[in-house]
Amino acid sequence: MRPYQLWISFYTMLRKDIVRMFRIWVQTFLPSVITSVLYFTIFGTVLGSRIGEMQGVDYMTFVVPGLVMLAIVTTSYANTSFMFFASKFFARSVDEILVSPTPPWLLVGGFAAGGVVRGVLVGALVLIVSVFFTGLSLSIHNVLVIFGFAILTALVFALAGLVNGIYAKSIDGINIVPTFILTPLVYLGGIFYSVHNLPDWWQAITYANPLFYLVNGFRYGFLGITDIPLSVSLAVLLGMTALLATVNWYFIRTGLGLRQ
Numbered sequence: 454m455r456p457y458q459l460w461i462s463f464y465t466m467l468r469k470d471i472v473r474m475f476r477i478w479v480q481t482f483l484p485s486v487i488t489s490v491l492y493f494t495i496f497g498t499v500l501g502s503r504i505g506e507m508q509g510v511d512y513m514t515f516v517v518p519g520l521v522m523l524a525i526v527t528t529s530y531a532n533t534s535f536m537f538f539a540s541k542f543f544a545r546s547v548d549e550i551l552v553s554p555t556p557p558w559l560l561v562g563g564f565a566a567g568g569v570v571r572g573v574l575v576g577a578l579v580l581i582v583s584v585f586f587t588g589l590s591l592s593i594h595n596v597l598v599i600f601g602f603a604i605l606t607a608l609v610f611a612l613a614g615l616v617n618g619i620y621a622k623s624i625d626g627i628n629i630v631p632t633f634i635l636t637p638l639v640y641l642g643g644i645f646y647s648v649h650n651l652p653d654w655w656q657a658i659t660y661a662n663p664l665f666y667l668v669n670g671f672r673y674g675f676l677g678i679t680d681i682p683l684s685v686s687l688a689v690l691l692g693m694t695a696l697l698a699t700v701n702w703y704f705i706r707t708g709l710g711l712r713q
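Throughout, our numbering is defined as the position within the sequence shown, counted from one, plus 453.
Please keep in mind that the hints were generated in silico from the structure rather than gathered at the bench. C-beta: ideal position from N, C-alpha, C; glycine also.
Straight-line Cα separation of at most 30 Å, BS3-like style, residue types lysine-lysine; simulated pairs: (1) Lys469 - Lys541; (2) Lys622 - Lys541; (3) Lys622 - Lys469.
For each label pair, taking beta carbons as the anchor points, the in silico distance ranges come out as: (4) Thr707 - Lys469: 22 to 32 Å; (5) Trp654 - Glu506: 17 to 27 Å; (6) Thr707 - Phe542: 12 to 22 Å; (7) Ile471 - Ser592: 26 to 36 Å; (8) His649 - Thr707: 41 to 51 Å; (9) Trp655 - Pro554: 43 to 53 Å; (10) Trp558 - Arg468: 17 to 27 Å; (11) Ala688 - Arg545: 34 to 44 Å; (12) Leu709 - Val584: 37 to 47 Å; (13) Thr587 - Thr465: 38 to 48 Å; (14) Arg706 - Val596: 31 to 41 Å.
Make a model of the complete structure from these sequences and hints.
What follows is the structure, encoded as structure tokens:
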């Protein structure tokens, strides 16, 4: 395919997903905002006044980057996994895409791009909501780090959601991974606490959690504080991106999980 044809294929897949998002915006954007308001109210207003400070900053301010990251992770994952599953079993449009001359790497990029867009948009909405709870006390230490980690994290979990969507055989298969794997990783990834407040044995478990590195890198972009070097967080993020992109490319190229 020529470059213009590649662009048309990518644009068509992305546009279809974005139109769907805004058509049902009550389902795609609003739930994460409402959930974040509850988090800010409970963990920030109620518990934050008792906890005081965490790593030298107000507790409410400390948890904001983690809650934004939580919204990005969950929505980008859910968008791609459900979108691919629906295209495979309900609309049956995946069959038409697979027989087209579109290369596998572009199919991966087209499906993942929708998850990235939704994840970043929802993250931005949650960040706007946080202003009503923190005022203007939330600082921005490095804008490039914030944007870089937000986009790459959305890409990582959009790719992870694509793996789930490829192999899921029912709607239960879509829900089981977020419930039993993703949710525990997210809540134990340092969103509400610093790893230095944990006992040694729990710190070792936390260091094995990839979400811990993403949350810390994102928090560094806002507050300039982190439990680990930024270079380590970035290396983990890039490694996950490369691994999941390769896995998805291989699955689509060989048809694993797609052939009924």
